[in-house]
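There are 2 protein chains.
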Amino acid sequence: MSAADNFVMELQHPADVDVDCAAGRSERAKWLLNSPDPPPPLQELFTSIKDTVLPPPKSKKVLRPHNRCFFFLQGLFPILKWGRNYKATKFKNDFIAGLTLASLCIPQSIGYANLAKLDPQYGLYTSVVPPLIYALMGSSREIAIGPVAVISLLLSAMISKVIDPSIDPVNYTRFVFTVTFFTGTFQALFGFFRLGFLVDFLSHAAIVGFIGGAAIVIGLQQLKGLFGISHFTTKTDLVSVIGAVVKALHHHQWSPLNFVIGCSFLIFILITRFIGRRNKKLFWLPAIAPLTSVILSTTIVYLAKADKHGVKIVKHFKGGLNPISIHQLNFGSPYVGEAAKIGLICALIALTEAIAVGRSLASLKGYHLDGNKEMVAMGFMNVIGSFTSCYTATGSFSRSAVNFSAGCETVVSNIVMAITVLICLLLFTKLLYYTPLAILASIILSALPGLIDLNEAYNIWKVDKLDFIICIAAFFGVLFGSVEIGLLLAVFISFAKIILNSIKPSTEVLGRLPGTDIFCNMVQYPMASKISGILVVHINSGLLCFANANFIRERILNLVVDENGIEGGGLRVLVLDMTNVMNIDTSGIHAVEELQKKLISQGVELAVANPNWQVINKMKASKFIEKIGSGWIFQSVADAVNASVCLKMNVLNSC
Amino acid sequence: MSAADNFVMELQHPADVDVDCAAGRSERAKWLLNSPDPPPPLQELFTSIKDTVLPPPKSKKVLRPHNRCFFFLQGLFPILKWGRNYKATKFKNDFIAGLTLASLCIPQSIGYANLAKLDPQYGLYTSVVPPLIYALMGSSREIAIGPVAVISLLLSAMISKVIDPSIDPVNYTRFVFTVTFFTGTFQALFGFFRLGFLVDFLSHAAIVGFIGGAAIVIGLQQLKGLFGISHFTTKTDLVSVIGAVVKALHHHQWSPLNFVIGCSFLIFILITRFIGRRNKKLFWLPAIAPLTSVILSTTIVYLAKADKHGVKIVKHFKGGLNPISIHQLNFGSPYVGEAAKIGLICALIALTEAIAVGRSLASLKGYHLDGNKEMVAMGFMNVIGSFTSCYTATGSFSRSAVNFSAGCETVVSNIVMAITVLICLLLFTKLLYYTPLAILASIILSALPGLIDLNEAYNIWKVDKLDFIICIAAFFGVLFGSVEIGLLLAVFISFAKIILNSIKPSTEVLGRLPGTDIFCNMVQYPMASKISGILVVHINSGLLCFANANFIRERILNLVVDENGIEGGGLRVLVLDMTNVMNIDTSGIHAVEELQKKLISQGVELAVANPNWQVINKMKASKFIEKIGSGWIFQSVADAVNASVCLKMNVLNSC
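Chains A and B, in that order, give the protein sequences.
According to UniProt numbering, the stretch in the first sequence is residues 1 to 655, in order.
According to UniProt numbering, the stretch in the second sequence is residues 1 to 655, in order.
Quick caveat, the hints were computed from the structure, so don't treat them as lab data.
Misleading hints may appear alongside valid ones.
Unchecked claim - Using 25 Å as the maximum straight-line C-alpha spacing, the simulated DSS-like pairs for lysine-lysine come out as follows:
| # | chain 1 | residue 1 | chain 2 | residue 2 |
| --- | --- | --- | --- | --- |
| 1 | B | Lys465 | A | Lys504 |
| 2 | A | Lys462 | B | Lys465 |
| 3 | B | Lys235 | B | Lys161 |
| 4 | A | Lys598 | B | Lys598 |
| 5 | B | Lys90 | B | Lys365 |
| 6 | A | Lys90 | A | Lys247 |
| 7 | B | Lys597 | A | Lys365 |
| 8 | A | Lys620 | B | Lys462 |
| 9 | B | Lys341 | A | Lys365 |
| 10 | B | Lys462 | A | Lys627 |
| 11 | B | Lys30 | A | Lys462 |
| 12 | A | Lys597 | B | Lys462 |
| 13 | A | Lys597 | B | Lys598 |
| 14 | B | Lys161 | A | Lys373 |
| 15 | B | Lys280 | B | Lys365 |
| 16 | B | Lys90 | A | Lys530 |
| 17 | A | Lys341 | A | Lys235 |
| 18 | B | Lys365 | A | Lys627 |
| 19 | B | Lys462 | A | Lys365 |
| 20 | A | Lys465 | B | Lys627 |
| 21 | B | Lys280 | B | Lys90 |
| 22 | A | Lys462 | B | Lys90 |
| 23 | B | Lys623 | A | Lys465 |
| 24 | B | Lys627 | A | Lys462 |
| 25 | B | Lys465 | A | Lys623 |
| 26 | A | Lys235 | A | Lys247 |
| 27 | B | Lys365 | B | Lys87 |
Claimed, not checked - Some chain A residues flagged as far from chain B (calculated, every beta-carbon gap over 10 Å):
| # | residue |
| --- | --- |
| 28 | Ala22 |
| 29 | Phe46 |
| 30 | Phe197 |
| 31 | Ala306 |
| 32 | Ile345 |
| 33 | Thr388 |
| 34 | Phe480 |
| 35 | Asn540 |
| 36 | Asn548 |
| 37 | His590 |
No experiment lies behind these values; they were computed from the predicted model shown.
Backbone N, C-alpha and C define an ideal beta-carbon position, used for all residues, glycine too.
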């Protein structure tokens with residue numbers, strides 16, 4: 001009679017000492033073995049997709065059609081909801097916040113348009129229509145909509161490769177509108193189909209690294225304006241840009257006057273920011289500093305006729321209302337695929353930035369932001385923007401913070417800002433003819449330090465070294481490669497990390513915690529103790545699959561050899577704790593089968609403890625349970641060890 | 001005093017009823033919180049690489065240098081070990097097996113050379129040198145070395161894209177040798193650096209699908225020879241090949257005589273195989289049938305001068321010993337990178353096939369095969385093969401099975417086979433001038449059914465539907481795309497499956513199994529029961545990371561809303577069972593932090609049960625433990641639930 005038979009008999013006719021315990025064990029094992037089939041993976045996938053894509057069932061109240069329609073409209077246009085309770089006191093706060101925002105937004109918009117290699121008026125256009133659309137559809141109260149630095153850089157870096165803006169500015173602008181249209185369409189689709197989780201595919205660490213790298217790249221691009229360099233590189237990486245700057249300085253192709261103007265106003269803006277930080281009541285000082293700088297420097301240049309002495313000025317500046325640009329969208333060109341690709345990337349990055357800033361401000365004020373609704377709002381504002389000469393807009397980090405500090409109450413501050421910018425477009429653009437480019441460079445430069453989050457990078461380093469590698473890879477990828485390389489690297493490493501984590505072939509030897517039935521890693525819990533003759537091995541991997549199954553099998557066999565070597569062949573049962581193995585594939589099942597065969601040939605029995613639902617189901621389907629005998633499957637490690645101890649004692653008794 | 005403070009006090013000054021139990025709980029929680037730091041991930045990675053790459057420490061006996069050297073040589077050349085005990089009785093068996101093998105090998109080698117678009121003698125060369133080298137270095141006793149169908153197809157399909165063999169056959173042949181050299185080098189390197197696990201990266205399901213697809217593609221290629229078609233497509237996909245055949249048949253560019261000869265001998269071979277299956281003693285009948293067919297058909301064609309009537313014959317056939325080809329290797333060409341790439345793919349596929357067949361036969365005879373040593377042997381045989389006009393050789397499925405049935409004892413049967421092939425090369429090649437190409441096609445066709453494993457595909461379907469999708473993708477990828485597309489698809493889906501499995505955002509509500517402290521999925525175990533006021537949620541994902549953290553947080557919050565909705569706000573504690581979460585990243589920790597904040601705002605406490613070693617470590621590093629209070633971390637779900645019950649009772653008492 002083999003040891004296994006003995007054991008099965010013992011389970012059926014337990015010795016008097018452990019009647020209750022053995023009966024409980026076998027009943028639990030029966031529960032495990034007879035558990036209903038888990039939902040098949042395809043159905044599970046569909047359910048998961050359905051749960052993801054369909055809105056969660058909200059209140060179970062039955063609504064009349066009329067009400068339902070109204071609720072739907074309210075969902076799409078939140079302004080219908082909060083607009084009814086809007087009061088004059090709120091408007092006062094929003095008005096002040098909106099004016100503060102506009103004074104920061106006008107110079108930044110011109111600068112970002114310059115960064116996106118567009119004429120300056122397009123920056124202002126983008127600060128008019130998208131904020132108005134967002135005010136109707138968005139639900140964040142603090143976010144400030146408009147052009148932002150990272151998206152401007154992304155657009156110019158990626159579109160310049162397709163159409164050179166210095167050669168064909170008209171088609172470049174048309175291409176930018178087409179990309180903006182795709183960006184908006186993708187964003188709206190993501191929202192409609194509730195694909196908000198797509199934004200999560202850029203991990204937190206990757207975003208910190210990417211935005212930090214992008215900030216430095218944007219800063220480097222500003223050296224052109226700051227030094228007044230005429231011939232600059234179209235590449236964005238550190239080496240090319242520094243090379244171009246050194247070359248220009250060496251050949252005296254720059255104008256020191258630009259540098260003096262740019263630097264003095266940069267210092268002015270930084271000092272106001274310092275004062276604003278020290279004294280919270282003076283928050284408006286750093287907010288209006290850029291506009292003040294623009295007005296001052298423009299006046300100085302105009303009066304001194306400095307443009308005749310080498311100071312580069314804006315020059316082209318078309319005023320007036322946003323012109324219609326729907327006829328400029330170009331879907332027939334061979335570039336439409338490229339436009340869709342760039343649109344997709346911009347959509348994801350823009351949403352990431354907007355939702356990050358929106359969520360963090362919403363949680364400060366204690367309300368919840370629905371990511372999917374925000375996406376629909378952002379999508380519509382960009383689609384309509386692309387019809388009205390705007391390029392891609394999103395929520396800006398720096399301006400949203402200013403909006404928040406300025407005490408905005410609702411999204412009305414965005415409306416005030418948009419109207420102010422519109423008035424500026426209608427009346428004052430001629431005055432901006434003499435604005436020096438260096439001042440735009442220094443305004444952009446002054447906004448960058450907020451994008452480089454060293455503190456968060458340090459936190460990431462402390463918590464997760466691999467996450468830090470992702471962060472650093474994104475950072476250096478953007479800095480030394482290009483924007484796309486940085487993004488691709490970050491996404492690639494993020495997913496490689498998931499694969500590495502899931503298949504990392506790792507096993508742990510478990511011991512019993514004193515006074516309990518809990519079995520734990522003996523290295524993590526030094527107080528845990530082994531049971532002689534029984535080796536409990538825990539598979540510390542979420543999957544037992546083709547990529548790690550053979551390795552884990554060999555590792556366990558080596559453990560058995562080590563164990564038998566020390567104790568002189570005393571090992572009788574190997575308990576395989578499968579708690580953490582959430583799924584197994586055919587290679588994994590083959591490996592466990594082979595493991596069992598080899599163990600039997602060495603006189604060791606294999607007991608399987610706590611296989612998961614999917615695992616037990618596949619073991620049944622592959623007849624593995626019949627091969628090892630259902631008596632060797634246990635509901636928990638404790639059950640398996642207790643049964644093995646009984647078995648060992650029985651064998652000893654019979655000896 | 002908040003509920004949490006109450007609870008912590010309760011832990012420190014437990015009520016009389018649960019003095020022991022509460023003390024045990026808090027001690028276990030302390031063990032968990034004070035567990036030493038896990039090895040840092042980079043060190044863990046290095047240990048894992050070291051364990052992988054370095055050989056496992058064998059016996060601890062101290063060896064004298066002389067013995068050590070001998071053991072090393074024995075390890076490299078196993079023939080030194082078993083050769084000393086080799087006896088004449090064994091040789092008799094090996095001799096018969098070797099002759100049987102040769103009679104099958106000669107026609108197959110010529111056919112496979114034809115498939116690889118090489119002159120027929122190269123197939124025979126490949127059956128001479130590699131088997132001899134393997135006999136010195138390999139440790140499998142049954143494997144039959146030589147050219148195989150899948151590798152021949154791979155070579156011709158991939159190299160034809162670089163150099164067209166019908167235009168430049170000389171450079172094509174040189175390129176094949178260069179690829180073979182790279183294949184051997186990669187194989188030897190994999191073996192030396194113990195990278196055997198690389199072979200595992202093609203999952204079992206992918207291999208079944210890939211080889212099945214490749215078999216059909218090979219069969220389709222044989223239609224050229226079978227119909228005697230002159231102009232054939234160079235593509236390998238089903239659509240192109242069927243198109244070419246239909247076109248040829250339609251335009252009468254084929255010769256029916258070829259078809260008659262090919263089909264009649266194909267039927268002859270299949271009948272002998274059927275007889276061999278029925279009567280195991282006649283195993284030699286199917287083995288010699290191909291050679292018999294070749295001799296018969298060649299004689300018929302020669303006597304009937306059928307080559308004048310449209311029957312295509314071999315013609316070019318250079319006899320003699322393997323010529324040296326080391327000077328033909330071409331590392332200077334622009335194609336060297338391409339050669340290395342194809343070499344790498346061939347190395348992996350060849351090793352997969354050889355190790356699969358070697359291992360399964362070894363386990364039948366009950367000995368263990370060291371994958372890494374086999375790789376070194378295969379590597380050397382291919383490198384030396386590339387110096388002596390051989391193309392890539394590996395272990396053949398069909399011939400190894402014949403070798404096994406013929407009763408081979410050692411690898412000497414390979415030596416006998418090689419010498420027989422060599423004699424044939426020296427003496428009989430002139431006789432093969434008139435061999436019809438159709439006969440080669442029918443020999444290859446007859447070997448294909450063994451490669452299509454419908455039974456295994458059905459098993460995969462039963463056990464794992466997603467694995468079956470991988471299998472089918474590889475199959476159809478090869479069939480309708482190309483060999484590379486099939487392989488890439490299979491590898492891509494395999495890894496996508498790992499990602500999907502690891503990040504699939506899934507949560508389960510747990511209940512207590514009656515009479516135990518075990519908590520289980522309430523859907524899987526219908527007998528499990530809930531504890532009122534406490535919701536136990538299990539995160540059923542190996543990773544809590546950027547890709548699923550937000551989703552899981554929302555899912556849990558929805559569960560809380562559902563629970564509170566039903567019980568009218570009775571929920572007091574949410575126990576988060578993190579048993580299966582093996583790792584967490586910064587996004588995951590943020591998500592748990594946010595979850596806790598939102599729960600607190602709804603009056604629900606968060607208890608974390610059984611965080612893994614890496615998880616508790618990262619929670620410490622990110623100060624999460626300080627935020628939720630160390631009293632809310634438990635070593636097991638049961639501890640967390642029991643503590644929560646105590647807390648609830650305390651609160652009720654104080655009311």
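How the hints compare with the structure:
no.	hint	verdict
1	B/Lys465 x A/Lys504	holds (24 Å)
2	A/Lys462 x B/Lys465	violated (41 Å)
3	B/Lys235 x B/Lys161	holds (9 Å)
4	A/Lys598 x B/Lys598	violated (52 Å)
5	B/Lys90 x B/Lys365	holds (15 Å)
6	A/Lys90 x A/Lys247	violated (55 Å)
7	B/Lys597 x A/Lys365	holds (14 Å)
8	A/Lys620 x B/Lys462	holds (10 Å)
9	B/Lys341 x A/Lys365	violated (57 Å)
10	B/Lys462 x A/Lys627	holds (17 Å)
11	B/Lys30 x A/Lys462	holds (23 Å)
12	A/Lys597 x B/Lys462	holds (23 Å)
13	A/Lys597 x B/Lys598	violated (51 Å)
14	B/Lys161 x A/Lys373	violated (51 Å)
15	B/Lys280 x B/Lys365	holds (18 Å)
16	B/Lys90 x A/Lys530	violated (48 Å)
17	A/Lys341 x A/Lys235	holds (20 Å)
18	B/Lys365 x A/Lys627	holds (20 Å)
19	B/Lys462 x A/Lys365	violated (53 Å)
20	A/Lys465 x B/Lys627	holds (22 Å)
21	B/Lys280 x B/Lys90	holds (21 Å)
22	A/Lys462 x B/Lys90	violated (65 Å)
23	B/Lys623 x A/Lys465	holds (16 Å)
24	B/Lys627 x A/Lys462	holds (17 Å)
25	B/Lys465 x A/Lys623	holds (16 Å)
26	A/Lys235 x A/Lys247	holds (15 Å)
27	B/Lys365 x B/Lys87	holds (19 Å)
28	Ala22	holds (14 Å)
29	Phe46	holds (12 Å)
30	Phe197	violated (6 Å)
31	Ala306	holds (49 Å)
32	Ile345	holds (18 Å)
33	Thr388	holds (33 Å)
34	Phe480	holds (23 Å)
35	Asn540	violated (6 Å)
36	Asn548	violated (8 Å)
37	His590	violated (7 Å)
Checked against the numbered hints given earlier, the structure breaks hints 2, 4, 6, 9, 13, 14, 16, 19, 22, 30, 35, 36 and 37 and satisfies all the rest.
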